[in-house]
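Protein chains in written order, with this note's numbering: chain A, 1 to 260; chain B, 261 to 566.
FYI, nobody ran anything at the bench for these hints, they're computed from the structure. Keep in mind that this is a model prediction, so the values were computed, not measured. Be aware that a few hints might be false.
Where chain B lies over chain A, by a calculated footprint (3+ residues, C-beta under 8 angstroms) [stated by the list, open to error]:
hint, segment
1, 2–16
2, 102–112
BS3-like, lysine-lysine: derived pairs with alpha carbons at most 27 angstroms apart [what the hints assert, rightly or not]:
hint, chain 1, residue 1, chain 2, residue 2
3, B, Lys440, A, Lys2
4, B, Lys505, A, Lys96
5, B, Lys325, A, Lys15
6, B, Lys374, B, Lys440
7, B, Lys325, A, Lys260
8, A, Lys2, A, Lys15
9, A, Lys256, B, Lys325
10, B, Lys373, A, Lys2
11, B, Lys325, B, Lys276
Where is the CB? At the ideal position from N, CA and C, for every residue including glycine.
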Amino acid sequence: MKRSDLTFLFLPVWKRNLIVYRRIWKVNFMVPLLEPLFYLAAFGIGLSGLIGDVVYAGQELSYIRFIAPALLATAMMFNAFFETTYASFVRMYYQKTFDAMLATPLSLEEVITAEIVWGATKSMLAAAIILGVISAFGYAAYPWALLVIPLAFLGGMVFGSAGMFFTGITPSIDMFNLPFFLLVTPLFLFSGTFFPVSSLPAWGQYLAQVSPLYHLVELTRLVTMGRMESDPLLSLSYLALFAVFFYFLSIRSMRKRLIK
Amino acid sequence: MKSDGPVIEATGLGKKFGSFTAVDNVSFQVKKGEFFGLLGPNGAGKTSVIRMMYGFSPLSSGRMKVFGLDIETGWREIRSRMGVCQQENTLDPDLTVEQNLLVFAGYYRMPRKKAAERTRELLDFFALNHRKNAQVSQLSGGMARRLMLARALINEPGLIILDEPTTGLDPQSRHQVWDKLRDLQARGLTLVLTTHYMEEAASLCHRILIMDHGRILVQGSPEGLISEFAGTSVIEVENPGPDLKGFVEQRGISHEELAGRLIIYTDDLNGLGRVIRQEFCPEKCLFRSGTLEDVFLRLTGRELRE
Chain A
1 MKRSDLTFLF LPVWKRNLIV YRRIWKVNFM VPLLEPLFYL AAFGIGLSGL IGDVVYAGQE
61 LSYIRFIAPA LLATAMMFNA FFETTYASFV RMYYQKTFDA MLATPLSLEE VITAEIVWGA
121 TKSMLAAAII LGVISAFGYA AYPWALLVIP LAFLGGMVFG SAGMFFTGIT PSIDMFNLPF
181 FLLVTPLFLF SGTFFPVSSL PAWGQYLAQV SPLYHLVELT RLVTMGRMES DPLLSLSYLA
241 LFAVFFYFLS IRSMRKRLIK
Chain B
261 MKSDGPVIEA TGLGKKFGSF TAVDNVSFQV KKGEFFGLLG PNGAGKTSVI RMMYGFSPLS
321 SGRMKVFGLD IETGWREIRS RMGVCQQENT LDPDLTVEQN LLVFAGYYRM PRKKAAERTR
381 ELLDFFALNH RKNAQVSQLS GGMARRLMLA RALINEPGLI ILDEPTTGLD PQSRHQVWDK
441 LRDLQARGLT LVLTTHYMEE AASLCHRILI MDHGRILVQG SPEGLISEFA GTSVIEVENP
501 GPDLKGFVEQ RGISHEELAG RLIIYTDDLN GLGRVIRQEF CPEKCLFRSG TLEDVFLRLT
561 GRELRE
């Protein structure tokens with residue numbers, strides 16, 4: 001990848017996705033609005049009576065308060081990852097949108113960057129809506145909680161880049177089941193989302209450190225309630241490095257896939 | 261760029277996919293304002309050549325210059341000055357007809373006002389104005405094709421590349437597309453066309469290149485190629501007798517033998533034609549002009565490719 005291959009021309013491609021998003025914005029808003037309510041209802045009403053309080057970073061928290069930031073972080077992951085896998089694949093493979101773009105002055109790097117940044121934008125939009133829901137329950141402390149928005153962008157770049165890498169190598173759309181069920185689902189369950197990582201055995205705790213979602217959940221807890229168990233700088237650096245690594249990997253895999 | 265230099269200058273183009281050679285040492289030039297046809301059976305390497313023209317496929321060997329710029333370093337400027345109408349429908353189904361043009365204009369960094377103006381012009385020119393708010397999926401084949409052409413012209417290109425622009429269209433739509441293409445040519449645009457319809461190539465193109473198996477077979481004007489490789493006249497004889505076969509072979513007359521049919525190529529319709537009509541027409545004889553299709557089939561053979 002040459003430096004001249006990536007310019008701000010990626011913005012019109014990003015805007016194209018925004019135009020499509022705005023056409024059905026009500027549907028696009030409904031999911032992040034209602035989904036956290038389902039979780040809060042199921043866990044808050046159903047499960048928390050069984051579980052009681054959770055000890056996190058040396059403090060006792062109600063269970064629902066513990067999982068509320070995790071709902072934000074997992075939504076950041078799902079929105080970006082879904083966008084750059086299924087949605088990007090449809091545009092690339094079925095709609096031939098990228099083929100049309102690559103006959104204009106756009107470079108492959110610009111098209112792929114726009115898709116990933118768009119995925120991160122969707123994470124940001126979803127996080128903003130969920131933050132509103134969580135705030136209504138009083139589970140977010142302001143003004144720090146506003147940092148969820150830029151954090152969602154970073155989280156979106158992490159999972160958007162990883163998703164785009166899979167789009168570059170997947171033989172067919174059905175094969176996305178593999179990364180979804182074998183990577184995203186375990187991340188969703190074991191990254192300190194629904195129970196503190198400290199309740200895992202030592203090897204499990206080490207393994208959780210590798211999970212980008214673990215660091216994202218930790219940082220989300222820090223900005224919404226001022227507490228976390230990991231080191232904030234370490235978590236931030238890990239996420240940034242992860243995003244950069246997969247960004248370049250995704251460009252490579254898409255170049256190999258598209259340019260013949 | 262010199263004003264009299266060729267718009268496209270391909271020198272020794274080569275394209276390999278692993279051990280398969282798709283394009284082998286292809287050289288040609290396209291002059292400004294020319295309507296240039298690139299013909300060949302499926303798998304001949306046409307699309308590979310076209311993709312190298314707009315910098316989509318990297319060259320395995322040789323050199324491609326467009327507007328005097330090397331495609332490898334000047335691809336961005338080249339693409340900003342050319343339009344590509346791809347073989348497949350690559351319209352954006354998530355957008356309306358009008359949005360397809362407006363959004364595409366953004367990829368050329370066209371200012372919003374200019375883009376709106378250009379979009380209006382093109383919708384008028386291609387008679388799509390009444391469908392501007394329609395979804396692309398609601399368009400007929402002919403309309404979708406016209407929108408593809410309109411989109412390829414959004415940046416006011418000096419060169420337009422058309423990869424099978426009329427495949428799958430009904431005769432009405434096809435004639436409409438031809439009219440538009442002639443109109444564009446008259447306005448000074450340089451056009452490169454690939455097609456499987458020889459009649460289309462013969463009527464639109466000034467110059468034609470026929471390729472097969474990745475190599476150039478011939479280049480020339482449609483008329484020149486017809487008179488050189490088919491003769492001005494063709495006589496098709498059904499169920500020819502052995503005496504006719506003997507006759508043409510003995511005299512060294514250019515001909516082709518097919519199952520149940522003999523095709524004779526000649527410039528001497530009066531002399532030879534009369535002899536054949538009087539002496540060797542057991543059932544049905546067809547006398548017609550030589551066409552580009554005759555040239556094409558003679559040069560590339562009649563066996564199926566896929």
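Going down the list of hints, with the structure as the test:
1. 2–16: holds (count 5)
2. 102–112: holds (count 6)
3. B/Lys440 / A/Lys2: violated (39 angstroms)
4. B/Lys505 / A/Lys96: Not OK: B/Lys505 and A/Lys96 at ~52 angstroms, beyond 27 angstroms, violated.
5. B/Lys325 / A/Lys15: violated (32 angstroms)
6. B/Lys374 / B/Lys440: holds (22 angstroms)
7. B/Lys325 / A/Lys260: Since the Cα atoms of B/Lys325 and A/Lys260 sit roughly 19 angstroms apart, the hinted pair holds (cutoff 27 angstroms).
8. A/Lys2 / A/Lys15: Cα-Cα ~24 angstroms, so holds.
9. A/Lys256 / B/Lys325: holds (24 angstroms)
10. B/Lys373 / A/Lys2: The hint is violated at about 32 angstroms.
11. B/Lys325 / B/Lys276: With a Cα-Cα distance of about 19 angstroms, the restraint between B/Lys325 and B/Lys276 holds, given a limit of 27 angstroms.
Of the hints listed earlier, those the structure fails to meet are numbers 3, 4, 5 and 10, in rising order.
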